[in-house]
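Visitor: Each chain, written out:
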Amino acid sequence: MSSNDVNRIWIKGGHLIDPTSKTDGPRDLLIENGRIVAVDTKLNANPRDVQVIDATGLIVTPGLVDIHVHLREPGQSYKETIASGTAAAAAGGFTSVAAMPNTIPVNDSVEITRWMQAPERDARARVYPIGAATVGSLGATLTNYEALRDSGAVAVSDDGKPILGDETMRAVLRAAATAGLPVIQHAEDTRLTGGCSMNAGPLAFRLGLRGMPVEAEAGIVARDIALLRELDDDRAHLHVAHLSTKRALDHVRAARQSGLHVTCEVTPHHFVLTEEAVDEYDTHAKMNPPLRAVEDRDAMIEGLLDGTIDCIATDHAPHAAHEKDQEFERAPNGITGLETSLGLSLAVLHRRHGMPLLQMVALLSARPAALLGLAAGTLAVGATADVVLLAPETEWAFRASESRSRSRNTPFDGWSLPGKVSLTMREGRIVHREDPSVRQP
Amino acid sequence: MQAASFLEKEDPLQRAHRLAKRRVALLFYESSTRTRTSFELAAKGLGADTTLVSALSSSIEKGESLKDTGLTLRALGAECIILRHPNSGAPYLLDRVTHLPVLNAGDGMHAHPSQALLDLRTILHRLRPEHTNAEIDESTLAGVTVLITGDILHSRVARSNAELLPRLGARVILCGPKALLPESASEIGPGIAIERNFAHAMHSAQVVMMLRIQKERLAGLELNLDDYIAHYQLNAERLAENAPRALVMHPGPMIRGLEITSEVADGPQSVIEEQVRHGVAVRTALIARALDAMPESVST
Chain A
1 MSSNDVNRIW IKGGHLIDPT SKTDGPRDLL IENGRIVAVD TKLNANPRDV
51 QVIDATGLIV TPGLVDIHVH LREPGQSYKE TIASGTAAAA AGGFTSVAAM
101 PNTIPVNDSV EITRWMQAPE RDARARVYPI GAATVGSLGA TLTNYEALRD
151 SGAVAVSDDG KPILGDETMR AVLRAAATAG LPVIQHAEDT RLTGGCSMNA
201 GPLAFRLGLR GMPVEAEAGI VARDIALLRE LDDDRAHLHV AHLSTKRALD
251 HVRAARQSGL HVTCEVTPHH FVLTEEAVDE YDTHAKMNPP LRAVEDRDAM
301 IEGLLDGTID CIATDHAPHA AHEKDQEFER APNGITGLET SLGLSLAVLH
351 RRHGMPLLQM VALLSARPAA LLGLAAGTLA VGATADVVLL APETEWAFRA
401 SESRSRSRNT PFDGWSLPGK VSLTMREGRI VHREDPSVRQ P
Chain B
1 MQAASFLEKE DPLQRAHRLA KRRVALLFYE SSTRTRTSFE LAAKGLGADT
51 TLVSALSSSI EKGESLKDTG LTLRALGAEC IILRHPNSGA PYLLDRVTHL
101 PVLNAGDGMH AHPSQALLDL RTILHRLRPE HTNAEIDEST LAGVTVLITG
151 DILHSRVARS NAELLPRLGA RVILCGPKAL LPESASEIGP GIAIERNFAH
201 AMHSAQVVMM LRIQKERLAG LELNLDDYIA HYQLNAERLA ENAPRALVMH
251 PGPMIRGLEI TSEVADGPQS VIEEQVRHGV AVRTALIARA LDAMPESVST
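Sequence order for the protein chains is A and B. With the working numbering applied, the first sequence covers 1 to 441. With the working numbering applied, the second sequence covers 1 to 300.
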C-alpha cells in the first residue's frame with residue numbers, strides 16, 4: 001500500500017451511484033488529500049501526478065455506513081476487537097460504523113468513548129461510539145449526554161437492555177433532545193420474554209422453546225412513541241433498533257405520518273430469513289429480536305421498499321465458537337453481519353424485489369449517516385473520500401472461515417452472494433482490496 | 001413394534017449376545033425413575049455394559065459442557081449415548097459433536113420419543129391386538145381418538161404423542177386451560193384438535209391420557225390449582241359418566257389427588273403399569289436399532 005502516499009487519486013471509468021446527488025451514471029472521481037474535489041463524466045488530470053484506479057465495469061458508491069455494530073472492545077477481545085471488527089467492516093464495504101455501548105465495562109463514560117476512537121485501536125473504518133443512556137445500562141441513572149456527545153458519541157442507547165421504566169425513558173428522551181442526540185431503543189418488553197429463545201408461534205411450540213411474542217416488541221415501540229408525543233419537543237428523536245415485526249413497523253409508520261421524529265432500522269437477517277432457519281436448533285439462527293414469521297419478514301421488505309424503514313444495520317454481534325456450540329437455550333444471541341450485508345441486500349432487495357440500486361445504496365449509506373448526523377455516506381464535492389468499488393455481477397461464496405471478524409457465528413456460511421467489494425477507501429486511503437485469488441462459488 | 005415383540009420373547013441368553021460387552025452410556029441431566037431404569041435394563045438385557053453419568057455426580061457440576069461431556073464418553077468407548085436433558089434440542093447438539101447414535105430420553109419441553117412409542121405399544125395391545133406383532137401403517141389407529149389432558153405447554157410427552165399417533169391414523173385431542181395449552185398447539189401437525197371442555201372431550205375418546213401438573217414450572221402462570229382440579233381432574237365420577245370404557249394412561253410420575261385420583265389410577269380402566277412394562281421392550285428395540293443389532297427377521 002505504498003501507493004497511499006500519492007495524495008491525488010483518480011477513480012476512472014466507473015458507474016457512480018450517489019444517493020445525495022441522485023447520481024446513477026458514468027462519472028469519474030478525483031480525490032485530493034482525502035477529500036473529493038471533482039465528480040464529472042470526463043475528468044482531465046495529468047496521469048503523472050495522480051494515482052489512477054481503473055473502475056471500468058465497477059459500481060462506485062459512497063463508503064457504507066452501519067449504525068449498529070458490537071465491536072466487543074473493551075472487555076471481550078476474544079470475540080472481536082475494534083481492529084478485527086472494522087477489518088470485517090472494510091471487507092464488507094463499510095467505512096463508518098456506530099458501536100453499541102454494551103462493552104465490559106459498559107461505555108457510559110467519556111474515557112471509554114475516547115478510548116474507542118483512539119488511533120491505537122487501529123480501526124480500518126471510522127468508529128462512532130454510541131454512549132450508554134443510563135449508567136452501566138442499568139436503567140436507573142442517566143449518563144452525562146453533553147459530555148458523551150462532546151467526546152464523540154453520536155447517540156445514546158442501552159442496546160440489549162431495553163429501557164422499560166416510563167419515568168426513565170421520559171427522562172432519557174428529554175435529556176437526549178436537549179443534547180441533540182437520538183435515543184436508540186432495543187424494543188423488547190423483557191417482562192414478556194423471560195426464558196425465551198425464538199419467535200413465539202407454532203414452530204416454537206413444536207420445538208419446545210419458549211417464544212418471544214410480537215407484542216413484546218410492538219408494545220415498547222408504541223409506549224416509546226406515546227412518550228415522544230407527550231414530550232412534545234421538536235428536537236427529540238427516537239430510533240428503533242433492529243425492528244422485526246409488522247406490528248411495530250405499523251406503529252412507526254403511523255407515528256411518522258403524524259409528524260413525530262421516529263426512525264428505524266432493519267437487519268439483513270430479518271429481511272432475508274424467517275424462524276424456519278432455527279430448524280434443528282441451529283444456534284446461528286438465534287438472535288434477539290428473533291427471526292420472525294414469513295409475514296413479518298415480508299413486511300420488512302415492504303417497509304424498505306416504501307421508505308418507512310430508514311436504513312439497513314447489521315447488529316453485527318460476534319460470539320466465540322464455544323459460546324455458540326451449546327444447547328440452543330443457553331447459547332448467546334446474535335450473528336456477525338458486516339461482510340454479508342451488502343451481498344444480501346443486492347440479492348434480496350435489488351435482484352429479487354427490484355429495488356433500484358440508488359435506493360438500496362441510500363439505505364446503506366446516505367440515510368443512516370443522515371440519521372445520526374455523520375459526515376459520511378456521500379460522494380459530493382468536498383466530502384470525505386470514503387468510496388467503495390463494487391463488481392456488481394460477480395458471484396462469490398461467503399466463507400465464514402475466511403472472515404476478517406474474530407468470530408464465525410453466521411447463518412450465511414457458504415451462501416453464494418452477488419456483488420463483490422473490490423476496493424474500499426476511507427478518507428482517500430485504501431483499507432480493503434479484494435484478494436485477486438478470490439474464490440468463485 | 002415388531003422388533004420390540006421379537007426381542008421381548010427372545011431367549012435372554014441369546015438376546016444378551018446381541019450387544020455383548022459393547023458400551024452404552026446413559027447421560028442424565030435430570031432425575032428419572034422409569035426412563036432411566038428401563039433404558040438401563042434394556043441395554044443390559046442386550047448384553048451391553050452400561051454406565052450412568054448424572055449431572056450431580058460428575059464434572060458437569062464443575063461446568064463441563066455438553067459437548068465436552070459427549071466427547072469424553074466417546075473417548076471412553078461409548079458407542080451410543082442415551083440423553084436426558086432439560087434443554088430442548090440438546091440431542092441434536094450431542095449428535096452433531098459426537099457423531100454417535102444419540103437416543104433421546106427426553107429433552108426439555110420438546111420430545112420424549114421412547115415414551116410415545118411405549119404409549120403406542122400399550123394402545124396397540126389393548127385396542128389393536130392383531131397389530132402388536134404385525135406391520136403398522138397410517139391407518140392402524142384409524143377411528144381411535146386419544147385425549148391428552150393437562151400441562152400440554154411444558155410436556156414433551158404430549159408433543160411426541162401428538163406427532164406420532166396421527167401418523168398412524170389416530171385423532172388427537174388436546175385439553176387444558178389456556179395457560180397450559182396455547183392455541184398454537186393445534187398447528188403443530190395434522191390430526192390435532194383443541195377442546196377446552198374436559199367432559200365433552202372425553203365422550204369421543206377411547207384413550208384418556210393424563211399429564212402431570214409440573215408444579216415447578218407454574219411460577220408466573222395464572223393457574224389456580226383448585227380451579228384446575230375442579231375442571232380437569234380425572235376422577236371416578238367424571239370417568240364413569242363420560243368415558244366408562246376408555247383406557248386411562250399416565251406417563252408418570254403421577255401426582256395423585258391433583259390431575260388424577262387414586263381410585264382412577266388404580267382402577268380397572270388404568271393401564272399405567274402396563275405402560276411402564278412396555279417401556280423395556282420398546283427401549284430394547286431402540287438400542288438394538290441404534291447399534292445395528294436388530295433381529296434379521298424384523299423389517300425396520
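The set of hints was computed from the structure by calculation and includes no laboratory data. Remember, predicted model here, so these are calculated numbers, not experimental data. Take these hints with a grain of salt, some might be off.
Unchecked claim - Taking lysine-lysine pairs in the DSS-like style, the calculated list, with each CA pair at most 27 Å apart, reads:
| hint | chain 1 | residue 1 | chain 2 | residue 2 |
| --- | --- | --- | --- | --- |
| 1 | A | Lys246 | B | Lys62 |
| 2 | A | Lys161 | A | Lys42 |
| 3 | B | Lys178 | A | Lys324 |
| 4 | A | Lys12 | A | Lys420 |
| 5 | B | Lys62 | A | Lys42 |
| 6 | A | Lys22 | A | Lys161 |
Claimed, not checked - Facing chain B, a subset of chain A residues (Cβ under 7 Å, in silico):
| hint | residue |
| --- | --- |
| 7 | Val110 |
| 8 | Trp115 |
| 9 | Gly201 |
| 10 | Phe205 |
| 11 | Glu302 |
| 12 | Ala321 |
| 13 | Glu323 |
| 14 | Glu327 |
| 15 | Glu329 |
| 16 | Val348 |
We treat Cβ as the ideally placed atom computed from N, Cα and C, and that holds for glycine.
Visitor: Double-check Gly201/A for me: the hint is only fine if its C-beta lies closer than 7 Å to a C-beta in chain B.
Guide: holds, 6 Å
Visitor: Straight-line Cα separation of Lys246/A and Lys62/B no greater than 27 Å?
Guide: Status violated; Cα separation ~44 Å.
Visitor: When the nearest CB of chain B is found for Glu329/A, is that gap smaller than 7 Å?
Guide: holds, 5 Å
Visitor: Using 7 Å as the Cβ threshold, decide whether Glu323/A counts as touching chain B.
Guide: Hint on Glu323/A: violated, closest Cβ of chain B at ~10 Å, above 7 Å.
Visitor: Report holds or violated for the interface hint on Val110/A, using the least CB-CB distance to chain B and a cut-off of 7 Å.
Guide: With Cβ-Cβ at 37 Å, over 7 Å, it is violated.
Visitor: Against chain B, run the beta carbon of Glu302/A and see if the smallest gap drops under 7 Å.
Guide: Violated: closest Cβ of chain B sits about 25 Å from Glu302/A, beyond 7 Å.
Visitor: Check the hint pairing Lys12/A with Lys420/A against an upper bound of 27 Å on the C-alpha distance.
Guide: holds, 18 Å
Visitor: Minimum Cβ distance from Phe205/A to chain B below 7 Å?
Guide: This interface hint holds because 5 Å falls under the 7 Å limit.
Visitor: Under 7 Å is the threshold here; is the Cβ of Val348/A close enough to any Cβ of chain B for the hint to stand?
Guide: violated, 27 Å
Visitor: Against chain B, is Trp115/A within 7 Å by beta-carbon distance?
Guide: violated, 32 Å
Visitor: For the pair supplied as a hint, Lys178/B and Lys324/A, is the alpha-carbon distance within the 27 Å limit?
Guide: violated, 34 Å
Visitor: Does Glu327/A pass the interface hint, meaning its C-beta sits closer than 7 Å to a C-beta of chain B?
Guide: holds, 4 Å
The earlier numbered hints that this structure contradicts are 1, 2, 3, 5, 6, 7, 8, 11, 12, 13, 16.
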